[in-house]
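Student: Sequence:
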Amino acid sequence: MRTDGSPAGGARTGKETAFPGEERPHSHAVVSGTLWNYSAAVVASLLQLGYTAYTGRAVSAAAFGAFASALSITQLLGYFANAGLATTVLRSRELTRGLLVSTVRLGLLSGLVCFALVQATAPLWAEAWNAPETTGLLRVLGLQFLFLPVGAVSTAGLRRLQSQRAAALVETGALAAGLLTGTLLLAAGWNPLGLAATSVTTQLGIAVLAGVLVARRLPPPGGRAGDRPGRYRELAGSSGFLAGHQLAQYVTNTVPLWAAGAVLGPVAAGYYSRATLFTGLLLTTLAAGLTRVTTPALTRVRAQAPEAHPPGGREEPAVRRAATDVLLAASALSFLPFAFLAGAGPGALRLLLGPGWDDAARLVPSLCLFSAVAVVYAVGLSVDTVCGSHRRMAAAQAAAAVVTLAGAVAATAGGSLTGLALAALAGQLSGLAVQMGKWRGHGVVEARRLWGGYAVHAALGLAAYAAGAALSRTAAGLPCPAVLPALPAVGLAVVLCRPLRIRLPLYTVAAARGLLPLRVPDLRRGRNTRAQAR
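Basically the working numbering = 1-based index in the sequence shown + 48.
Keep in mind that the hints were calculated from the coordinates and are not lab data.
Each residue gets a CB set at the ideal place from its N, CA and C atoms; glycine is no exception.
Errors might be hidden in some of the hints.
[Unchecked claim] Computed spacing ranges between beta-carbons, pair by pair:
id	residue 1	residue 2	range
1	L510	A310	30 to 40 Å
2	A176	T466	20 to 30 Å
3	V311	A503	31 to 41 Å
4	Q123	V450	14 to 24 Å
5	G146	G237	41 to 51 Å
6	L228	V90	15 to 25 Å
7	A495	V91	31 to 41 Å
8	A236	G485	49 to 59 Å
Working from the sequences, and respecting the hints, build out all of it.
Tutor: Now the structure itself:
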């Protein structure tokens with residue numbers, strides 16, 4: 049039986065469950081989409097690194113702090129403009145022309161409201177931050193609300209139609225055009241307004257390109273009920289909670305930056321924003337790439353479960369297995385690269401930005417820890433979104449918000465930028481802890497296998513940190529006696545892990561899903577997956 053719901057060899061009886069080897073076709077589709085997203089994200093990251101290197105020398109810390117503060121306001125309003133509509137499209141069981149028309153119309157309305165609000169309140173925000181240049185920045189950034197909702201809904205539609213390649217190419221091409229526009233304007237003397245023009249050009253490109261592509265891929269109107277726009281009240285209600293939750297998540301993560309700008313000044317905000325931008329490139333790449341692919345994939349797995357709402361509130365075994373596999377993959381893909389970046393990142397940021405950014409470089413290790421946890425937490429929220437558990441999502445986010453706010457108050461009282469980064473980390477850890485506790489109680493995941501996998505990937509992350517720190521100090525010509533002994537230990541661990549590779553969580557997930565043509569014992573049934581992989 050295939051996990052996409054089409055029967056193989058007969059009709060479903062309502063009792064069957066999909067085993068890992070039988071999920072191989074769908075797993076390969078997920079991996080293909082993930083690779084396209086990550087390939088595009090690598091290109092986008094390289095473009096942004098070059099842009100960051102240029103703006104680090106062309107824009108002062110105070111001007112960039114004002115831009116970061118203005119950008120945080122428009123990003124906050126962006127959740128109202130989007131209103132959870134993109135997530136609603138991703139979760140839809142069937143994407144129809146009527147659903148797309150309804151979401152686009154609602155997005156246009158919310159975008160116009162946000163545009164008018166930014167234009168009216170821009171001077172007030174500038175006065176609150178005592179930064180007059182923020183007024184012009186906000187008014188330019190506000191233009192993106194005329195295009196952002198349409199672009200978000202259209203790219204979500206492409207991904208729901210399994211057109212991951214088209215969505216990735218559209219976003220990357222629009223970003224390249226936006227960065228080029230910003231660079232040319234900054235070089236022409238529009239400083240720092242050129243920074244704001246980058247976002248506007250990018251959103252305009254996404255809206256035009258994605259809108260045209262998704263309209264072409266939808267079936268032509270045929271008079272069916274699905275071709276007519278849906279009820280706007282029901283659509284707004286279904287996406288309202290998602291929009292509110294995303295807004296709360298953004299506010300929680302932005303509290304440290306606001307605290308830095310409001311209490312410690314624009315220069316401190318510039319340091320913090322530069323460090324978060326450096327680590328945020330990888331964070332956005334991993335989190336967005338995983339959630340954009342796994343949300344529709346988990347939706348399909350849950351839709352094919354024998355009972356969509358099993359008794360006792362526990363999910364079906366196929367759903368628990370799929371959710372656990374996704375979370376294990378997320379932990380490996382986040383813990384290892386961010387651990388390496390925590391060791392090598394401070395030196396890399398100094399090299400990237402040039403002299404005068406040492407305070408920003410010192411924040412990198414703490415923000416890397418925050419980002420590693422944030423990726424796993426974001427994928428966990430995606431799991432709860434698919435399972436429709438608003439209470440679990442609200443409880444985890446409330447814990448993250450309370451801890452982050454308390455930590456930010458303590459950090460600003462002591463005037464510590466590092467304390468603000470640690471406050472963000474503590475908030476994410478609190479949200480993750482609540483998630484894991486709720487999952488165990490409600491049977492959402494295979495708890496023991498998940499926690500063990502987290503521990504293994506975190507231990508491997510320590511070795512990755514040692515390697516990154518050694519590389520950074522060696523490149524800088526500094527001695528590293530405390531780190532070099534860890535390198536032989538890393539090599540020994542690799543040698544020992546080779547015969548024990550079937551015990552590594554990420555390896556077993558990939559092999560059980562038929563992504564590796566190797567003999568891996570199936571612990572549940574006492575057989576191997578060689579025949580399945582073939």
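Student: Does the Cβ pair A495, V91 satisfy 31 to 41 Å?
Tutor: The hinted range 31 to 41 Å holds for A495 and V91, with Cβ atoms some 38 Å apart.
Student: Using the beta carbons of L228 and V90, state whether their distance is inside 15 to 25 Å or not.
Tutor: 18 Å, holds
Student: Regarding Q123 and V450, is the given constraint of 14 to 24 Å on their beta-carbon distance met?
Tutor: 22 Å, holds
Student: Do L510 and A310 keep their Cβ atoms within the hinted range of 30 to 40 Å?
Tutor: Once the Cβ atoms are compared, 36 Å apart, the range 30 to 40 Å for A310 and L510 holds.
Student: State, for the Cβ atoms of A236 and G485, whether the hinted interval 49 to 59 Å holds or is violated.
Tutor: Check passed, 54 Å falls within 49 to 59 Å.
Student: Can you tell me whether the CB distance of V311 to A503 sits inside 31 to 41 Å?
Tutor: At 37 Å between Cβs, range holds.
Student: Could you say whether the range 41 to 51 Å given as a hint is met by the Cβ separation of G146 and G237?
Tutor: Check passed, 48 Å falls within 41 to 51 Å.
Student: Using the C-beta atoms of A176 and T466, is the stated range 20 to 30 Å upheld?
Tutor: Check passed, 26 Å falls within 20 to 30 Å.
Checked against the numbered hints above, the structure breaks none of them.
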